[in-house]
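Respectively, the protein sequence lines represent chains F and D. In this text, residue positions in the first sequence follow our numbering: the first is 1, and each later residue adds one. In this text, residue positions in the second sequence follow our numbering: the first is 1001, and each later residue adds one.
No wet-lab data here; the hints were simulated from the structure. Worth double-checking, as some hints may not be accurate.
[Said to hold, decoys possible] Here are the simulated lysine-lysine pairs, DSBU-like style, with alpha carbons at most 30 Å apart:
id	chain 1	residue 1	chain 2	residue 2
1	F	LYS83	F	LYS26
2	F	LYS68	F	LYS36
3	D	LYS1051	F	LYS36
4	F	LYS202	F	LYS26
5	D	LYS1062	F	LYS208
6	D	LYS1051	F	LYS34
7	D	LYS1062	F	LYS370
8	D	LYS1051	F	LYS83
9	F	LYS68	D	LYS1062
[Claimed, not checked] Covered by chain F, according to a simulated footprint, are these stretches of chain D (three or more residues, beta-carbon under 8 Å):
id	stretch
10	1061-1074
11	1091-1102
Computed from a predicted model, the values in this text were never measured in an experiment. Glycine included, every Cβ here is placed at the ideal spot set by N, Cα and C.
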Amino acid sequence: MTTSVLKIAAIEGWMPHLQAVNTNSKGDTLNNLKLKTDISIYNRVEGVAPPDRTDFSRMELWVEFKAKNDGLSFQDPRGGTEKERLLEIENGSFTPDTAEGNQGRGQLAHYAGAQHSLQFRHFSFSIVIQGDNARFLRWDPSATVVTAAFNYRTHPRMMAEFLWRFDHLSARERGHDVSIQPANLAPEVDARVREQLGIEDKNIPLYKYGVPGLIGMGHAYGPRPPTQNRSLVSRCTRNLSVVWIPAEDVISGTRTFHETCERDPDQQTGQEEVKKVPWSEERTIYMKDTWRFLSDSPGVEVMPEHKIYEILHHHGTPNIPEHVVGGDVDCGRTQTQELVDAPWLCVRPRISPYQHYRLVHGIVGRPLFKFTCTKQLVTAVFHALQGVFVSRYT
Amino acid sequence: MACTHQDETTAQPELTPAANALHVTQRETSSESTPTKKKCGLDLAYTSAVKTFEEVRHHLGKEMNGRWLGAMPVNAFLDQYVPATDEPLPELPENPFESVPRDGVESTRYDPFVSTRLISETSVL
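Model the full assembly from the supplied sequences, consistent with the hints where possible.
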C-alpha cells in the first residue's frame, strides 16, 4: 500500500466531510504561489482525490507545525495576579517582540492572507502546533483571535472537538462568503460573458456575485478578483469588471426597476425609464468589493459609499458614476472587535470593526496609464479635479 | 488591474518612454487596493521590487502588531466560534497522537498527524 493511499484510508472516520493532506513538500503552483502549508485540509468529494499539494483556493483549514516548543510567536501570560497581567499587557508579552517571533507570526499571516485572497471569505480558521502545544486561530479583517496553548498529546479531546465541530460546520459557519457561488452558466452565456470580459482562458472559473441593493434583479458574473497576497486586515479592497445579467422578468419588462429595487424606490419608475439604468440590461459593469470601516464610537455611523454618491449627485457633482448601487453583504461583519474588553486579553488591541460591502456602477473605466495622447491624460485629470472641486467647495 | 475599457480590443499605440515610465509608476503604486496600511504586497504584478518571503513576513508580522488577540481560553473559543454539532464527539482512543514523533525535524510529524485516528475504530458507524 502506498503512503498516500494509507493516509487517506487511515483518516476515514476522523473527519467525515474533510480530508487532511501532508502538503509540506508541494507548494501552491496551481495559483502561482510558492507558499506551502505543512498540512492542508480539503473538503472530501466522493470519488475524487483531494489535491496532492497546497491549494489555497480550495483549502478549508491549514495546520502549521514548528519543531520548537511554544513561546516563539505567542507567549501565554504566566502571571496570575491582576498586577502581573497588567504588566504583561504593558510589555506586549503575548506576542514577543523578537525577530524570530515576528517572522513566525508573519508566516502565519502570509498563509491566511493567501487563503483569503484566493477564496471568498469572511473569516477562516487555522491550527498552529509548536512542539507539543497547539493553538486555534480565527482570522477576520479586524484581527486574529489566538487561543491559549494546550498540549494536544495530553489533551487530545480539545483537538478532536475542534476538528469534529469544524467538520460539521456549514460553509457559512466556516467563514465562506455564500453570496458568491460558481457561475454554472449555460455554455452560450458563459462564452458571452468571457468575451465581454476578455477572458480567453477557459480554465479560469467564473463566479456569480450577489449584489446588495439589487438582490432579486439579477447577478453579476466574473472571475475571481486579482490575487493580492498580503495581510487580510483592514479594507482588503478588490475591484473588477463583471457582466451584469438581469433576471428574466427584468429583461422582458414584466418587472420594473421601481418594483424590484427596495433601496431606491424613487430612483426610477415606469417602463421607459427602466432601460436607462445599467441593471435593466446585460452589460459590463464595475464592481468594488471591500470591507468598510465601522465606527466603534456609540451613535457614530460611517456613511457607506453609495450613500455618499447620492449626496454628490444631489449637489450636481460632475464626472462621477451616474448609477451606483451598493450595500452590506449578509453576515459580513467582523466579530473580533467584540473581544476588546475580554478579561483574558493580554495585548493592547488596536482593532476596528469592518463590514463586508459591495458596490457596482455602470461605468467601466480604463487605467489612466493607458492614455494615448497627452491631451487625453490632461483632460482626464481636469475632469477629476472638476469633480473634486464641486464635491468639496459647493 | 482588472479595470478594463470597453474599447480595450482596439489596438493601442506604442507607449512613449515617458508613458512607459508612468506605466511602471502606476503599477508600483496601484490604488486598486486601498487599505491604508498595506505596504507589503507580494503580488508581483504590482511591484517592481521582488521581496523574499523573509522580507514579506517581516512586514506582515509588523503590520499585524496589536491585532493578535489572545490568549482566549480554548473552550470559550470553541463555544463562540465553532458551534457544536448535534452529533456528539465519539469516544476517543487512548493517546491518539502517540505516533507523532516528539523529537527530530518537524517534517517527520506531518504524515503521522494526518494519519491519526481521533475516533476509535469501535465508535465509527
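Any of the earlier hints contradicted here, and which numbers? Hints 1, 5, 7, 8 are the ones this structure does not satisfy, whereas the remaining hints hold.
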